[in-house]
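Line by line, the protein sequences give chains A and B.
Residue numbering for the first sequence is 1 to 740, as defined by our numbering.
Residue numbering for the second sequence is 741 to 1281, as defined by our numbering.
Read the hints as simulated data drawn from the structure, not as lab findings.
Where a beta carbon is used, it is the ideal one built from N, C-alpha and C, also for glycine.
Warning: the hint list may mix true and false statements.
[Claimed, not checked] Calculated cross-link-like contacts (lysine to aspartate or glutamate; reagent style EDC-like; alpha-carbon spacing at most 16 Å):
id, chain 1, residue 1, chain 2, residue 2
1, A, K267, A, E140
2, A, K612, A, D660
3, B, K1230, A, D144
4, A, K432, A, D346
5, B, K772, B, E853
6, B, K770, B, E886
7, B, K1057, A, D688
8, A, K439, A, E527
9, B, K1230, A, D660
[Said to hold, decoys possible] What follows is a set of in silico ranges between Cβ atoms, one per label pair, in the way DEER data are often shown:
id, chain 1, residue 1, chain 2, residue 2, range
10, B, D1234, A, H477, 37 to 45 Å
11, A, R108, B, L747, 43 to 51 Å
12, A, D346, B, K1057, 53 to 61 Å
13, B, A959, A, R121, 52 to 60 Å
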Amino acid sequence: MKDLLWLVPLFPLAGFLVNGVLYLISHRTRGEAADAHGSQGAPALAAAPAPSVHGENPAHTHAGSSAHDPAGHSPIPLKTAHTVVGTVSVGLSCVFAFLAILDVGIGRLSEGAAHVVTLYRWLPLGVNQAVGQVHGPAGEWFVDAAFRLDSLSALMIAFVTFVGFLIHVYSVGYMGHEEGYGRYFAYLNLFMFSMLLLVLGANFLLLFVGWEGVGLCSYLLIGYFYDRDAAADAGKKAFVVNRIGDFGFILGIFGIFSLFGSLDFGKVFPAAAAHPSAYAPYLTLVCLCLFVGACGKSAQFPLYVWLPDAMAGPTPVSALIHAATMVTAGVYMVARCNVLFRLSPDALLVVAVVGGFTALFAATIGVAQNDIKKVLAYSTVSQLGYMFLACGVGAFVAGMFHVMTHAFFKACLFLGSGSVIHALGGEQDIRKMGGLASKIPVTYRTFLVATLAIAGVPLLAGFFSKDAILAAAFEAHFASAPWLGRVLWAAALFTAGLTAFYMLRLVSLTFWGKFRGGTEQEAQIHESPRSMTVPLIVLAFLSVVGGYVGIPMVRGGDRIGEFLHPILLPLAGAGAHTAAHEAAASTEALLMAASVAAAAIGLALAYVWYAKGEGAVPARIAARFPGVYRAVSNKYYVDEAYDSVFVQGLAKGGGRFLWDFDATVVDGAVNGTRHVTVGLSWLSSFFDQYVVDGLVNGVANTLQAGFRGFRRAQTGRVQNYALVMGGGLFCLVAVYLLFR
Amino acid sequence: MNTLQQLPILSIIAYIPLAGALIIMFLIPKEKTGAIKAFATAVAALDLAVSLPLWFSFDRAKAGYQFVERIPWIPSLGVDYHFGIDGITLLLILLTTFIGVIAIYSSFSAIAERQKEYYILLLLLQTFMIGTFCCLDFFLFYVFWEIMLVPMYFLIGVWGGQRRLYAAIKFFLYTLAGSVLMLLGIIALYFYNTTGFLGYKGLGHAATFSVPKLTAVAAAMPPELQVWLFFAFFFGFAIKVPMFPFHTWLPDAHTEAPTAGSVILAAVLLKMGTYGFVRFSLPMFPEAVKTPWVIGTMVFLAIVGIVYGAMVTLVQKDMKKLIAYSSVSHLGFVMLGIFALNMAGVQGGVLQMINHGISTGALFLLVGVVYERRHTRMIAEYGGLARQMPIYATYFLIMALSSMGLPLLNGFIGEFSILQGAFAKNFWWALFACTGIVLGAAYLLWLYQRVFFGELSNPANAKLPDLSFREQLTLAPLVVLALWIGLYPKPFFDVLRVPSENIVRSVGGATMTPPAYAGAPGTGIPAAGDLAPAAPVPAVR
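Here chain B stands alone, though its shape is the one from the complex:
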């Protein structure tokens, strides 16, 4: 552990893919596609291997950031190269490195053109995503946050489906538009800390972009300024999540992206938005978050996203689009959990980010499998595959069940925790959100029925081979993870506990058991020690 603390382990994890990309770029000729694939996979696997020790040496009880690296970068502006993680980012980084291997390994047969560029971009993307999660400096954060768009833009635009250019440009511009507002927020914060801006008198502190410092500064700002800045950040994050009504880039990007792109987009990139809310919006602007109309708006948008997303999902005819819209619904759950502002909700929301990455990532992989064989994503082209591809059908069923939140699989743990948190806050939130569960079962089972059940009537499907060994290797780890979280999620909750407590405490929620309790005033419940004889119960007979 000590050695790990002394190494710049986070930077190593972040830059291994970059180094790999550079090596492919300069040292491996583009004709040697086999070598490129093998090397890219090896780099991603190495990255995963290097990131795993974080899980074991992470101190679950310690508050604050761990594995911190800090070097001054642009001293005149107060910009530092500042990395560090807590339990939330620990899970997100592990998810990224884990999905990274799968995404690269799953692309072997799907990508036939410009393979060298493709794997270089995937590796670059991984570096930028990990960098975003590790950053504790707003300047650096913004750099990573924006540059992340570039490889994804090319992945969609070059290797995508028919409408790839439209989707890529939409994706890029939409998210960029949101980020610009966030940049304004960051700049406002920076000047509030130093010289002031507009009518606000600055605090006169030394210039800094440090996240922990500016978080403390922001939390002490006057409420109305908090509300302004909350919404500046909100657009940046809400578009990334995506929250209703900022979600329409997502179905296009998801549908047009190559399989690995969809997987990464769903598993990691969408988490940037929710991560932003958890890491920045809640602790920085507690007064804004607690304002009734603000939280009401957030929860309203989350619930609309859940129900609306699910309803729209129900009528999709394109498999990828269907799963893309289901993401809108699922991320609505995540947002609901986060804005329940209690332990059950926040922990569940963060865990559901991971769960969504696993389940939806796997579903995109699975759609990719038949897309590679048939080059169509239309549901109507399939039917009766259960007989032809039983192993494929089994994997698909498990992941669909995980996505619809069936107990003993991962999705249930997150959804239960989120909805429990929401219920504890407000009965109606839980009531409306729960309809998403019913609709979730409906759209996934209907999809499953149309693809796998019935007679195998389309002759084009009659010869489809079942999953290859490589395809199973990409899917099996996801199934194992889904079962692990479903059966024994405690290790994940242990990691999330302390950071979630910090967040909940920052917005004024209960996190500590009061030392002594003697009948809360005004409540109907006697103290715990009161063992008065039971009153007779109204007899109904």
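Just chain A, same shape as in the assembly:
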């Protein structure tokens, strides 16, 4: 079964192909129908705007959308086919993922076993010479298409396929009324394929393939409602910002290839571990390049700007791609390369600082957002910052642990928000919500559980992983800045409090108090169908128990640490553990108390201010410090700054300048050459006509004129000729005699 590992990504790929072809075929016939319509003079435009139920277009209701159902004459079988292909392919992928893991054996994986399935030689780059001082012999460079199952990728495929499957099921209910249902599932399946390629790839290049693939799917799914400019813009922004990250990532990959002559995880990491002093000088640059890639994909400062905009996509997409799986790819990549990062303390320091700063920065923005999905988006950015903070302080296990628990509770939160939006017919503004707890009880309860989990309430999933990160930050020791660990810890602790605060603010504004929307809207509020609530319940359950695989204080409780040990701690000497484990038990208890206190203060403040005080205190604070409030609620104007400097300024302005330059200078030189040549030709022509030809004609004329006299001499009389001849002879003889 483990040799069938390639089936895990293959199922979603097959699903993508089937769904994609079905969709195109069905729309092909529609296109012709529309064309026929057009030729009869019917306004084809009228049917064009996408009828949409959710979020992004509140005006439409269910009734409106079904009236325009584009699938035409045979909507039901086609839709069923899309549903079955879409969900079953991911379900099968999930089953095979678990079978493969069990076949290799959880025990063996945690002992460091890695199962590699090589499909074929992908890129043979010939014999090349490595770069720099670390050059070995020229060697054959190649990249294989190969999958690697070890404990890290096992963890990833397990939760990716499982959460992915739940979200596919949820989508059946959520997207049921949308146009382009088949297109949606095709993209979603393509995403699953790319994500699995990303985590299963046995080398950096395959990782990069998946990395770009998920980026593409993200682009397509954010821009799913493509006839809205905001969605299309957001999709493009996501792709381009990610490309900036990829710019760094691919340079890092080039660096690794050039240093090690290989991209295979199984060759690069052992080589680096075996000869650390040889490689270390080069690895800071390489690791920083890789981290730029991670910043793009995982939305870290300064490349986080695309993620909040990405909320223009359908909500299940936000849950799957922009919360649970794709955005954690950067963390996965850094964890995967932990051997390299450990060799570069400077790179780790950068990772920790960027992560810690992003966590705090995004959390402050989250406090002042009024769009339910935007709050969750900034929360995601913030939590991703946590994960990088963990990696930066060397607690890779804690980082990956948080990746997993975050996948559970953040997916639950996003799907819950989707359920709220679905119930309200597209409303996303939490100022127009309130009092939904009794109307959509399942959504409310699951949302509350996930909120408590992310806030770090003891014994829920988020508590354990967040606590591990905080402890690791506290214990971190950076040689170049010994105080930094404590600063990062304090920032992270404050962030934890903020997180608890804005999450409970969200809950109280959405679910508690009175409904603030219209009465007509209130009458239509309904709980979501079973296909949506069941995934919510499962995810809420996991948000509760998901943390029990990594209980730090109990001996043997840190199962996830033991499981990931062979990948994430391959260099450690005997007895070494994660940073969290090195802390004395008393310190650890104290730290735990601090984080619990931070969460409690945040929750309590939000409860008092929003649930009890109905927002009076925050409004007063905002009125007191209008500048601060404006800055925060406008996200510190980062988007505007980027737009004016990079998009309008450097890219478009620079492009326009160079375009002018091209037209006037470069092409001007060419056209100038033409003009000069033509001008010279005119001159030559003039010269030719009046000087050269004039000379010729002039000579002719002169001669003609000159010989006119001689012509008169041609009398034809022999006596005259004889006279001239005699005269001539006389002259010649005279000259001869004179000059002799």
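Chain A is fixed; fit chain B onto it per the hints.
Same frame as chain A, now just chain B:
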């Protein structure tokens, strides 16, 4: 294979289109346009069919030229009729015959006037292009190289857009100007081999224009003469590529040419320049190429081309012009790869020539599709086409992604290989060139957004029919090829390996694994067999 070796297969491939052109010219009356189209397509298809056996019977392990034909032509001057191919030209010839069919088949509805002349010229052009790639004699090469301009000149000048005359004349004169310098280079080489010229004493050999022979002669020339001749050839090739700052004929020619002309121009004609660098400049003038300021200039121009081309592309308002400028950027990548002078770079550069032919050729075809329906190339005239033409939108997306180098499609393979080669040579080259990747995504996605996304607001677009069956037939093979190279490029690398090794070796790069290795002196890395226990890693915790 034996029979193939005995047949003058290259000449057959080269002259089938010529024969077809002659038959159309003399035997098919111009009123029978249907017959002309069908016959021209059949001729191109036959040419493709005849060229395919080359792929199967080509010996990948053999160094040197294969399927060689050699007959004395003008003995007094040492001119031979000399054909032969290696792996690089094998791919380029297959690309030519492949694109040839598509170009002709795609013209059925686009060309309404002077159809007979049009198809005759397309077929003639194909003969000249294949001839150029097959030639192993400088004299013959120059003949083909120049005569190739003539059909293209007429294709642009007669069937082109509004500024077709300007574009056609510019194209013709610009490339001709470069070629003349190349001709001087060839003549200098010829005389260096025989009687000498200017102050240089000739070698006194028998007169010849043979490419392999003169390559060997040139490679042994004194370095300063190599530099002179390198630049003589450089202008001929650089204008054809086109390299910055010799590129301005390209946007005009591309934009004004009819769709099939743009496709051939992008897919094949631009490759003449890069092919010239690979086939002639590198092996002939290794000392010049290795001179730091020469290689620095080449790489600088390549990188400027990448970034500059991409920046200018970003602000174009005309779809064809946009894709034309993107070619400047893409061919900058090819040049960068070639001048990385290592296996990854050269192989990637040559493969990227093919990839660019596929992706950009397809993009021109795709623009041609809507141009035929709407007779405008302005981006602002479109918008929201995804809803009206979903299949068209899908094809366009795939080819745009291929052009921007998305993994699992062809462009990525070439770009990765090129940039890996560049990085192995110099970090900064790769760093600057990589910005082209970011900009590539930006301009293509922006184009895609403006054409396909948003609401279908222009009523003129409301009735546009989706791709016809014929249009899909022209595009589908390109998509298949893009996926093939993206997913399994090994067969292409296998073909390129030996000729690339020859080129890299000629400029002094590493191509062979040393037999034994025991810790290179002065390096920090111990020998492969050294399994010393790992030193403790600085703890960061």
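| Does the structure break any of the earlier hints, and which numbers would those be? | Hints 2, 4, 6, 7, 9, 10, 11, 12 and 13 not satisfied by this model.
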